[in-house]
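Undergrad: This is what each chain is made of:
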Amino acid sequence: MTCEQFQDRLTAFSLGELESHEAVAAREHVARCSACASRALLDRQLTALVRSTAVTTPEVTRARIMAALRAEAAGRPLRARRRHWLSLGAAASLAAAILAATILLVPAPARSSVLTAAWTAYRTQPLMMQWDGSTQARLNAVLGPAADTPDLAAYGFSVKGAGGRMLAGHVAAVTEYRDASGRRVTYLRWKGELPEMASARGPSSEAGVAAARWGQTGSIWWSAHGTVYCLIGNIEQSALYRLTERIQQDDHG
Amino acid sequence: MELAGFEATAVPHMDTLYDAALRLTGERATAQDLTQETMLRALRSFSTFKPGTNCKAWLLRIQYNLFCTQYRKDRRLPLVWLDSPDEPSVEPPSYEPGPEEQAVREMDRESVRRAIALLPEEFRTAVMLVDIHGLSCAEAAEVMGVPRGTILSRLHRARRRLERLLTPELGRVQADDL
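Line by line, the protein sequences give chains A and H. To convert, take the position in the first sequence, counting from 1, and add 20; that gives my numbering. To convert, take the position in the second sequence, counting from 1, and add 282; that gives my numbering.
Each hint should be verified, as a subset may be incorrect.
[Claimed, not checked] Which stretches of chain H does chain A cover? Using the computed rule of at least three CB atoms under 8 Å from a CB of chain A, they are:
(1) 310-319
(2) 393-399
(3) 436-448
[As the list claims (entries may be wrong)] Below, in silico cross-link-like pairs of lysine to aspartate or glutamate (DMTMM-like), each with a Cα-Cα straight-line distance of 25 Å or less:
(4) H/Lys338 to A/Asp199
(5) H/Lys332 to H/Glu284
(6) H/Lys338 to A/Glu265
(7) A/Lys180 to A/Glu79
(8) A/Lys180 to A/Asp199
(9) H/Lys332 to H/Glu289
(10) H/Lys338 to A/Glu92
(11) H/Lys332 to A/Glu92
(12) A/Lys180 to A/Asp168
(13) H/Lys332 to H/Asp297
(14) H/Lys338 to H/Glu424
Simulated from the structure, these hints should not be mistaken for lab results. Beta carbons are placed, not taken as given, at the ideal position from N, Cα and C, and that holds for glycine.
When you get a sec, could you build the whole thing from the sequences and use the hints?
TA: Encoded structure:
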């Protein structure tokens, strides 16, 4: 079997869906071709990643469906539920979708750009790297002064952790703060453009910044000089705004 | 109607049906309706289920038919979603996450979900049936009413497309995930 033939059959091979004589030939090929072996591994990684996105049924949904089944089994079917096309849940998921889209719309650095080396390095790093001299140097190279760690002590928040990581395909500096009662704020920044969607997201927008909130977690987004900034935390939105102002003063002062 | 047998055989697949419904419709409220209606139909016709065959595939076939006849709308692309806090992801986090870390992790996972959600419907459904919910290509072919070779070629093309979109994320998959 040639490499081309193997790659045409890669999906069927990974799924164990090849005819037996082809499966034998494919296994023989992988055993002696390291390029195709690593493609096969990548294919399995892809499947694992895809599978990890499965969700479970929310408890309230499960309870409702079980009630409907019991009523049906008892011969007393429940009246069909009216369909709320934009229920609270749908509205929340719409907000979440927009939030997600803002991240995805930020373009990845071009392969040939100065970011490439840092970007490649980050791909091989663990989820959150320890802060050390080389981390700081790399983030400085990518982000300039935006990589600095703002002092939020006056607001009761001290630095609990800092590092860099890949965030949806981008090199991001991450600083984590905590206050005395354990509430947390994370400050993220990465190179890219804040898309229009992030600044047109509803009533909580103030000049130059956009806000999104889900559950206990609020966030504020803004961008300057080609860098996207985001503060996320389980604190009140007004407190997030105060921290945002403080950080922006730092930048401009 | 007898609920006990149904509860033991079909109800354990509710998570699969809900996840599949969410990917088909792209909306939580609609996904909930579709899941409930699928379960009710399955209960009514449970006598036609052949014990010993794949119940998950049987349920997904009912759901996909229902989706095609009553739920599919010619409208915008499906939305993507984030897990709400009361809705834990299948994959447990490897450390105790704070809300921000959870959000950051979720953003990464979200890019994978979004890449899947942006696939054309017939590709996305094949990925959902085979890669996410573990049906064989023959079972998926029966659900979608197409030949087995069509499922394989849809999967192949979907994977190559996802591969291009998700190269950075792939670097982070740990060996234990495989």
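Undergrad: Tell me whether the statement that chain A covers the segment 393-399 of chain H is true, taking a Cβ distance below 8 Å and needing three residues at minimum.
TA: holds (count 5)
Undergrad: Tell me if the straight-line CA distance from H/Lys332 to A/Glu92 falls inside 25 Å.
TA: 21 Å, holds
Undergrad: Can you take a look at whether the segment 310-319 of chain H is actually covered by chain A? Rule is 3+ residues, C-beta closer than 8 Å.
TA: Per the Cβ count (7), the hint holds.
Undergrad: Are the Cα positions of H/Lys332 and H/Glu289 separated by 25 Å at most?
TA: 15 Å, holds
Undergrad: Is H/Lys338 within 25 Å of H/Glu424, Cα to Cα?
TA: 12 Å, holds
Undergrad: Holds or violated: A/Lys180 and A/Asp199, Cα atoms, limit 25 Å.
TA: Judged against 25 Å, a Cα distance of about 9 Å means the pair holds.
Undergrad: Is it true that the CA of H/Lys338 sits at most 25 Å from the CA of A/Asp199?
TA: With a Cα-Cα distance of about 48 Å, the restraint between H/Lys338 and A/Asp199 is violated, given a limit of 25 Å.
Undergrad: Does the structure keep H/Lys332 and H/Glu284 at a Cα separation of 25 Å or less?
TA: 16 Å, holds
Undergrad: Are the Cα atoms of H/Lys332 and H/Asp297 separated by 25 Å or less?
TA: 21 Å, holds
Undergrad: Under a C-beta cut-off of less than 8 Å, do 3 or more residues of the segment 436-448 of chain H approach chain A closely enough to confirm the stated coverage?
TA: Answer holds; 6 residues pass the 8 Å Cβ test.
Undergrad: Would you mind confirming whether the straight-line C-alpha gap from H/Lys338 to A/Glu92 stays at or under 25 Å?
TA: Roughly 21 Å separates the two Cα atoms, so the pair holds.
Undergrad: Please verify whether A/Lys180 and A/Glu79 have alpha carbons no more than 25 Å apart.
TA: 34 Å, violated
The structure is inconsistent with the numbered hints 4, 6, 7, although it conforms to all the rest.
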